[in-house]
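There are 2 protein chains.
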Amino acid sequence: MTKIADISHAIGVLSWDKETYLPVKSDRFRSQQIATLSAMSHGEFTSPEFGDIIQNALAVKRLKAAERRNLTITLDQYQKAKKFDEAFVIEQSMAISKAFQLWVQAKKTGDFGLYAPALDDLIRLKIKESKILNFGDHPYDALLDQYEPNSTVAQLDKLFVDVRDELLPLIEKIREAKKPSVKFMHKTYKKDKQWDFGIYLLRVMGYDFDMGRQDISSHPFTISFSPEDVRVTTRIDDNDLANMTWSCLHEGGHALYEQGLNPEEYGLPSGGAISLAIHESQSRLWENHVGRSRDFWQCNYPSLQSKFKKNLKNVSLKDFYKAINKVEPNLIRTEADELHYHLHVLIRYEIEKEILSGNCDAATARELWNKKYKDYLGLKVKNDTVGILQDVHWSHGSFGYFPTYSMGSFYAAQFYQQAQKDMPDLNEQIAISNNYPLLQWLRTKIHCHGRSFEAEELCKKLTGEPLNLKYFIQYVKEKYGDLYNIDL
Amino acid sequence: MTKIADISHAIGVLSWDKETYLPVKSDRFRSQQIATLSAMSHGEFTSPEFGDIIQNALAVKRLKAAERRNLTITLDQYQKAKKFDEAFVIEQSMAISKAFQLWVQAKKTGDFGLYAPALDDLIRLKIKESKILNFGDHPYDALLDQYEPNSTVAQLDKLFVDVRDELLPLIEKIREAKKPSVKFMHKTYKKDKQWDFGIYLLRVMGYDFDMGRQDISSHPFTISFSPEDVRVTTRIDDNDLANMTWSCLHEGGHALYEQGLNPEEYGLPSGGAISLAIHESQSRLWENHVGRSRDFWQCNYPSLQSKFKKNLKNVSLKDFYKAINKVEPNLIRTEADELHYHLHVLIRYEIEKEILSGNCDAATARELWNKKYKDYLGLKVKNDTVGILQDVHWSHGSFGYFPTYSMGSFYAAQFYQQAQKDMPDLNEQIAISNNYPLLQWLRTKIHCHGRSFEAEELCKKLTGEPLNLKYFIQYVKEKYGDLYNIDL
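Protein chains in written order, with the numbering used here: chain H, 16 to 503; chain P, 16 to 503.
Worth double-checking, as some hints may not be accurate.
For identical chains, the list gives no copy identity; a pair is met inside one copy or between any two copies.
Claimed, not checked - Result set (BS3-like, lysine-lysine): computed pairs, CA atoms no more than 30 Å apart in a straight line:
1. K337 / K193
2. K18 / K33
3. K387 / K436
4. K202 / K18
5. K98 / K18
6. K33 / K208
7. K460 / K40
8. K79 / K18
9. K492 / K389
10. K206 / K324
11. K494 / K173
12. K146 / K328
13. K325 / K205
14. K76 / K328
15. K113 / K460
16. K95 / K33
17. K322 / K202
These are calculated hints, taken from the structure and not from any lab test.
Construct the entire structure; sequences and hints are all you get.
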């Protein structure tokens with residue numbers, strides 16, 4: 016498992032470099048190198064010898080529960096992985112590299128046509144992948160399971176119906192209320208000063224720069240090469256203070272999870288994250304519950320203000336707090352407020368379901384995209400750069416990833432109310448810039464256990480019940496009712 | 016071969032990252048990841064199947080000469096590589112990672128004792144390696160051959176005797192002459208401006224930033240992940256303009272070689288460099304024959320002057336040219352002038368010979384180091400940071416590398432006089448900042464052939480005779496005779 020983890024993390028380093036520092040014309044051999052390592056990692060993991068090792072180990076009597084669990088999860092992954100032959104792994108790796116490269120160009124120029132054939136190729140491969148995996152009631156299920164083990168279309172359909180039924184009316188009400196001004200957020204904010212402030216925020220959260228670093232990439236991400244080397248990236252728009260700020264808080268949340276995993280369990284399920292939804296719960300918790308709270312900014316706003324005196328000297332904390340929580344439909348998912356965000360996810364979920372059903376090619380996906388933005392958010396997609404080209408996920412070959420964003424937010428709300436219950440002075444601590452108690456709570460309750468539990472198990476253990484949307488709705492009602500001074 | 020190259024270059028990326036961007040406490044797993052990939056690359060290359068493939072291919076009739084040559088070289092490498100078992104490869108990879116880490120700390124603090132046990136361990140492993148390889152008249156031969164195929168102690172002893180006999184008297188004479196002032200080189204030169212000037216120099220040479228990049232590391236190096244991704248690093252000392260400037264020219268020379276290799280021969284000997292001495296000939300040619308010439312600075316000094324107006328406004332081109340060619344003994348190899356440089360190499364050559372003879376542990380090496388600097392350069396080593404700890408090579412496990420530096424310089428002199436013969440207006444072109452004819456000459460005469468010839472063959476083909484020290488001596492006499500206005 017160590018060897019396989021070493022190869023996977025080497026692929027990670029090559030991928031990180033590809034998205035941060037790779038020279039513009041160096042892509043060809045890098046893609047090939049990543050494909051070669053992917054095939055080797057796959058080959059090691061799916062070798063009959065490795066299968067025998069796991070099965071023999073599982074036959075050992077008096078295994079510790081933790082050992083048995085590591086073996087059981089690994090056996091399940093092994094049985095799924097060995098369904099793919101090397102040719103398929105290489106084909107997909109190369110298709111992803113090509114698609115990513117074309118996506119970058121297409122996004123820059125707004126030319127969806129440039130990217131569409133590569134996307135069609137990925138769609139073909141993803142349908143094939145689902146057929147090869149061959150489980151679940153819906154073809155989408157086999158892919159959903161890769162990001163969120165045990166999640167299914169049946170379960171998500173139900174969740175998203177609730178989201179629509181409960182969230183849409185709230186959004187409607189807020190839309191009628193008077194909007195705070197966010198004009199000052201779009202003044203010119205020098206990139207190097209923003210960068211410094213981003214680093215400051217990561218430090219404030221407790222991110223360890225001795226075992227991590229931040230760099231620039233076109234799409235922010237977190238990547239771990241071990242719990243002792245967890246890196247984040249961000250992007251900086253000098254006309255939008257929010258872009259970098261909440262990307263740092265979001266990726267920082269992911270990174271704290273990875274830095275909190277047990278390095279002694281490196282390569283084992285017990286040394287990895289539970290699922291993407293739980294991962295996302297960590298990023299959302301820091302980004303929204305902490306990072307868009309009045310308490311957090313009470314101590315950090317003065318630092319921001321002193322960095323950008325000219326832009327912010329006449330903006331009170333109250334106005335700032337209102338601005339960063341403005342609820343308004345927007346074309347860009349990563350810039351969405353906490354409420355509209357889930358409509359963005361809903362749209363992607365519905366399109367991916369169509370894609371995996373085999374009813375939707377790249378061109379149709381684009382049509383659906385534009386139609387659904389009109390229907391759900393009332394917005395016309397001006398161009399594909401702010402439309403279907405905005406997200407990196409599909410060009411990374413990730414289909415089934417998006418739903419975990421919403422699940423993560425809902426887990427975050429449920430976990431955070433529990434943290435507040437467990438630490439009655441939590442908000443006061445955050446207000447004096449002491450985030451350590453919260454980090455410690457997350458470390459001991461969630462991070463250090465790795466994948467010793469499944470998502471639902473963890474949630475029950477921590478909060479006494481499985482994922483329940485009511486905590487998110489309750490949070491929204493309180494926060495935005497107060498903010499907009501309306502009865503939600 | 017492509018697969019093996021992919022793994023090797025992945026190791027390259029992990030190593031590059033380790034020396035440029037790795038967080039300070041992330042070394043443990045990175046070392047392990049590099050060791051795992053090293054073992055895998057070794058395993059692939061030395062597998063019996065791979066041996067069969069080469070031998071079967073060699074048995075094919077009517078092979079093209081180029082194909083036969085690729086196969087013959089690979090077979091030789093295969094036969095040498097398979098002498099090592101995986102355990103040795105991993106042990107050495109881990110020992111190198113550890114040694115490098117300790118070397119960095121030891122160099123920073125000047126505490127040789129911190130590094131000595133790791134160096135002793137490497138010495139033990141290198142002697143073992145020589146025994147495993149088991150060829151040559153001297154135990155050092157098997158290691159020399161790894162960097163410079165076919166080079167031996169017998170040959171190098173002869174060369175270095177000539178160096179001493181011919182170079183030392185010249186140095187003696189120059190030592191008596193009046194020294195130019197270099198005080199202005201040690202004023203404060205802002206790091207970001209130096210950085211910009213380094214990038215400018217690389218561009219002037221013809222280095223392609225679309226397929227490469229420069230970063231900062233503690234010891235400058237060039238690394239290639241393919242001819243389409245060749246990276247250099249530098250370091251910047253804000254009290255020494257020379258440090259970065261000639262590091263850029265030097266590494267740029269290496270990088271131009273790598274960028275000039277044929278990408279279609281990726282992974283094959285015909286797509287790789289001939290040897291380290293030939294590699295070094297490229298870096299030395301640009302660093303010294305071009306980069307310390309009056310012609311080169313005639314067009315580039317104004318740019319430098321305008322960047323550092325305050326420091327350089329009263330320094331004429333003539334004074335600058337004299338300063339950058341000052342001959343004076345110095346403790347640091349990388350800061351040595353073109354003449355003393357070879358005494359630094361001589362010292363390392365003699366110590367490595369002792370080490371491989373089994374007569375010298377880390378402590379003895381340090382004593383020898385300090386004694387020889389007194390004997391050859393008349394200098395007292397003030398501390399180990401500027402003494403035995405100055406070079407990265409041993410901590411990288413490279414023993415046998417240093418002699419190629421001197422050979423490279425001598426090759427450079429011989430190649431450059433040929434280039435001047437082939438292009439009578441070469442110096443005039445360089446003086447108007449047109450370095451393209453020289454680069455083209457190097458590309459067509461040397462770079463594009465990869466390892467289609469051995470070093471000596473190439474030298475004969477290009478200049479009509481094997482390596483001959485006289486070209487270097489002739490160059491030195493002309494340049495420094497004129498510069499110091501003495502008869503050499």
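Okay, the hints, checked on the actual structure:
For the homomeric pair K337 and K193, the shortest alpha-carbon distance inside one copy (11 Å) is at most 30 Å, but the shortest distance between copies (73 Å) is not. In this assembly of identical chains, the alpha carbons of K18 and K33 lie at most 30 Å apart whether taken from the same copy (23 Å) or from different copies (19 Å). In this assembly of identical chains, K387 and K436 lie within 30 Å of each other by CA distance neither inside one copy nor across copies; the values are 39 Å within and 72 Å between. For a Cα distance limit of 30 Å, the shortest separation of K202 from K18 qualifies neither inside one copy, at 50 Å, nor across copies, at 51 Å.
Taking the closest pair of Cα atoms, K98 and K18 come within 30 Å of each other both inside a single copy (21 Å) and across two copies (23 Å). Taking the shortest alpha-carbon separations for K33 and K208, both the intra-copy value of 26 Å and the inter-copy value of 27 Å come in at or below 30 Å. Only between protomers do K460 and K40 lie at most 30 Å apart by alpha-carbon distance; the minimum there is 25 Å, versus 46 Å within a single protomer. Taking the shortest Cα distances, K79 and K18 sit within 30 Å of each other inside one copy (23 Å), while across copies they are farther apart (40 Å).
Taking identical chains as interchangeable, the C-alpha atoms of K492 and K389 lie at most 30 Å apart only when both belong to the same chain, with a minimum of 26 Å there against 80 Å between chains. In the homo-oligomer, the alpha carbons of K206 and K324 lie at most 30 Å apart both inside one protomer (15 Å) and across protomers (28 Å), since each shortest distance falls under that limit. Only within a single protomer do K494 and K173 lie at most 30 Å apart by alpha-carbon distance; the minimum there is 25 Å, versus 83 Å between protomers. For the identical chains of this complex, K146 and K328 are neighbours neither inside a copy (59 Å) nor across copies (73 Å), given an alpha-carbon limit of 30 Å.
Both within a single protomer and between protomers do K325 and K205 lie at most 30 Å apart by alpha-carbon distance, with minima of 12 Å and 29 Å respectively. For the homomeric pair K76 and K328, neither the shortest alpha-carbon distance inside one copy (68 Å) nor that between copies (82 Å) is at most 30 Å. Within a single copy, K113 and K460 get their C-alpha atoms no closer than 41 Å, and across copies no closer than 35 Å, so neither meets the 30 Å cut-off. Taking identical chains as interchangeable, the C-alpha atoms of K95 and K33 lie at most 30 Å apart only when both belong to the same chain, with a minimum of 28 Å there against 34 Å between chains.
When the C-alpha separation of K322 and K202 is checked against a cutoff of 30 Å, the pair qualifies only within one copy, where the shortest distance is 14 Å, while the shortest distance between copies is 33 Å.
Of the numbered hints listed earlier, those contradicted by the structure are 3, 4, 12, 14, 15.
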